[in-house]
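S.K.: Residue numbers (the numbering used here), protein chains in the order written: chain A, 290 to 705; chain B, 128 to 380.
Everything labelled a hint here was simulated from the structure, so no lab data went into it. Fair warning: this is a prediction, and the values are worked out from it, not measured in the lab. Glycine included, every Cβ here is placed at the ideal spot set by N, Cα and C. It is possible that some hints are incorrect.
[Unchecked claim] The list that follows gives simulated cross-link-like pairs (lysine-lysine, DSSO-like), each with its CA atoms no further than 30 Å apart: (1) K670(A) - K235(B); (2) K670(A) - K249(B); (3) K278(B) - K670(A); (4) K227(B) - K690(A); (5) K670(A) - K245(B).
[As the list claims (entries may be wrong)] Here are some of the chain B residues that sit facing chain A, going by a computed Cβ distance under 8 Å: (6) A199; (7) L209; (8) I217; (9) V220; (10) A229; (11) I233.
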Amino acid sequence: MEQTITKSSPKEKLMSAVAMARYNDAYALAGQHAISELDIPTTRSEEWKYTRTTRISNVAWIPATDKASVDLSEFQINGLNASKVIFVDGIFRPELSDMHSLPEGVDITENPELDAEADFSDFYDAYHAALCTSRMRINIAAKSAPEKSLHIIHVAATSESLNQPLIEIVCDKNAEMHVVESFVSTNNKSAFTSRKMKVHVESNASLHIDKIQMDGTENFTMNNEYVGIEQDARFTINTLTIESNWVRNQLHIALNGQNIEANLHGFYLPVKKHFVDNHTRVDHLRPHCVSNELYKGMLNDQSNGVFNGKVYVHLDAQKTNAFQSNANILLSDDAQMNTKPELEIYADDVKCSHGSTTGQLDEEALFYLKSRGLGEDNARKLLANAFISDVLDKINNEAVKHYVTEQLIQRDLLFA
Amino acid sequence: MLSIKNLQAKIEDKEILRGLSLEVKPGEVHAIMGPNGSGKSTLASVLAGREEYEVTNGTVSFQGKDLLDMPAEIRAREGLFLAFQYPVEIPGVSNMNFLKAAVGEIRKHKGLEPLTAKDFLKLVKEKSALVELDGQLANRAVNEGFSGGEKKRNEIFQMAMLEPKLAVLDETDSGLDIDALRIVANGVNALRSPDRSFVVITHYQRLLDYIVPDFVHVLYKGRIVKSGTKELALELEERGYDWIKDEVESVKA
Chain A
290 MEQTITKSSP KEKLMSAVAM ARYNDAYALA GQHAISELDI PTTRSEEWKY
340 TRTTRISNVA WIPATDKASV DLSEFQINGL NASKVIFVDG IFRPELSDMH
390 SLPEGVDITE NPELDAEADF SDFYDAYHAA LCTSRMRINI AAKSAPEKSL
440 HIIHVAATSE SLNQPLIEIV CDKNAEMHVV ESFVSTNNKS AFTSRKMKVH
490 VESNASLHID KIQMDGTENF TMNNEYVGIE QDARFTINTL TIESNWVRNQ
540 LHIALNGQNI EANLHGFYLP VKKHFVDNHT RVDHLRPHCV SNELYKGMLN
590 DQSNGVFNGK VYVHLDAQKT NAFQSNANIL LSDDAQMNTK PELEIYADDV
640 KCSHGSTTGQ LDEEALFYLK SRGLGEDNAR KLLANAFISD VLDKINNEAV
690 KHYVTEQLIQ RDLLFA
Chain B
128 MLSIKNLQAK IEDKEILRGL SLEVKPGEVH AIMGPNGSGK STLASVLAGR
178 EEYEVTNGTV SFQGKDLLDM PAEIRAREGL FLAFQYPVEI PGVSNMNFLK
228 AAVGEIRKHK GLEPLTAKDF LKLVKEKSAL VELDGQLANR AVNEGFSGGE
278 KKRNEIFQMA MLEPKLAVLD ETDSGLDIDA LRIVANGVNA LRSPDRSFVV
328 ITHYQRLLDY IVPDFVHVLY KGRIVKSGTK ELALELEERG YDWIKDEVES
378 VKA
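Assemble the whole structure, with the sequences as input and the hints as a guide.
M.R.: Okay, structure coming up:
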């Protein structure tokens, strides 16, 4: 007996949603054109070697059509003085946001004009342009240093929805800003939130971003950040993955001027079959800059992690200080971590170091704690606190730090 | 308090304890001395519940309960304390949080209410003074960057906080200069009471000038081969261990 099964390829499935594109300008058309030429990356490509996408491309996403109503109260950060900017299913919701009480000097433009992009880094990048669900530009005026933070909240509320917002942040000269970005969900399933962010940190400005990923056990998240930093500026991004079923973060940081400080920190504590992937690329293009990169992971159950950190010190980038470290602890025999630090140096007068470790919890420390009466579970959690404490300390804002700690305690990952 | 009968234990197929017996009554201080490799630290490890050691024979009863049947944390909650020969550095865990957790668990086990923050701090202040431990140390990470003497004082400080029934001091004196030794010994002596017992494991008699034991035992090849009073320690100091070894070997022969 013969049987013919017609199965659409993952790409065909993804393409079927393009007809629903909200934008049809040059930028979107460039994306639509590019995806026809690009393939969904597979594990055969070096950049995706340990990142299986079959789990995500088995879903036939479509952009949400209804405006879902959500209860935002549970996503607030207590004690954080911030204006909220809300996206639900990838769609900006000004009526839910604090548009009338934005921090001083902060200005938000919806649907900004975008230039057609010449090239896209991969299929998902082009797909994002083709099927962007909302575009926004956040401008922080020169010399402004508002006390208030900006809290961007991405809520995945509809099952199988495709949420692809684009956020551009321009932190103008001498400005100073703190942005918190939360990725959360209601009890939906299989949404794909692919958020692209373009950041410009102008000269002598300072931008600190705390990115909190906790959209739960059922959704997929991809974050692409393209950051350009100009001379004398400071930029910090903390990527805090608290609970996410499948997440890939791709940071592209270009240090375009002299005397720049860039900090990339993060932790991830996946459980069950969760997957966390951090790809970072730092380009030192000019002399006298510093970059610090510290990522820490504790992986339990059958979870899987990937870290790939590239640091390029270009020919002109003399006197560069670049540090990179990725440390991992595997809490179970079935957890897996693939880590690959890469350092390419073309300048000859630089100070660079990189390293990665993957090990188990310190048995000696565990026994010491138990010998003082702590149970196995609490002893492990206390050691988890210790392990990620240096990354937690990179969260400058006390309210955010407290919130993040509490979220981890609630999920039984840290000691109360 | 503690009753060890014919204890035999091995690690990785290497037999270390070969039939050790010891009775410790409430309030008593027993010193255990012996040459290197005689099994002193193994005894401490087996009592505290280190899982690498396999008990192949014998029994240990602690306050009437089977000690060997309990995981390490339950032994601690039941009132056993081991002062480590090499206290572990735990970067990132503050001494205070660690102690708060430990005191909390032990009080819970005893059915006591948790201490208020105020009472806890009061207790910390009082007990850290016992070992002349700087208040600053309490706020630092557990043993991280502590000197050898500070680490040992921190062990005694923890002991004071946890108020055990039986404390096993594993070579707490080794590596200490005389001032640190005096402080540690004073701390221990302050904690001596009619219902608290001590097993003091040491390589050097010097400690026993400060912590005066009720009994002294000599451990050799995994067995207690000689017991006596504090005079035995002095004799060992003077004559070394060879005469004991000879005695044992001649009995065998």
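S.K.: Does each hint fit the structure? Answer for all of them.
M.R.: Evaluation of the provided hints:
1. Distance check on the hinted pair: K670(A) and K235(B) sit about 19 Å apart at the alpha-carbon level, within 30 Å; holds.
2. Pair hint K670(A) plus K249(B) holds up; C-alpha atoms about 27 Å apart against a cutoff of 30 Å.
3. With a C-alpha separation of about 23 Å, the suggested pairing of K278(B) with K670(A) holds against the 30 Å cut-off.
4. At roughly 21 Å between alpha-carbon atoms, K227(B) and K690(A) fall within 30 Å of each other, so this suggested pair holds.
5. Distance hint between K670(A) and K245(B) is fulfilled; the C-alpha atoms sit about 25 Å from each other, no more than 30 Å.
6. About 4 Å separates the beta-carbon of A199(B) from the nearest beta-carbon of chain A, less than 8 Å, and the hint is met.
7. About 5 Å separates the beta-carbon of L209(B) from the nearest beta-carbon of chain A, less than 8 Å, and the hint is met.
8. Contact between I217(B) and chain A, as hinted, is supported at the beta carbon level, the nearest pair being about 5 Å apart and thus within 8 Å.
9. Restraint check, V220(B) versus chain A: the minimum CB separation of about 4 Å is within 8 Å; hint holds.
10. Taking 8 Å as the C-beta cut-off, the interface hint given for A229(B) holds, the closest approach to chain A being about 4 Å.
11. The closest approach between the C-beta of I233(B) and any C-beta of chain A is roughly 5 Å, which is under the 8 Å cut-off, so the hint is satisfied.
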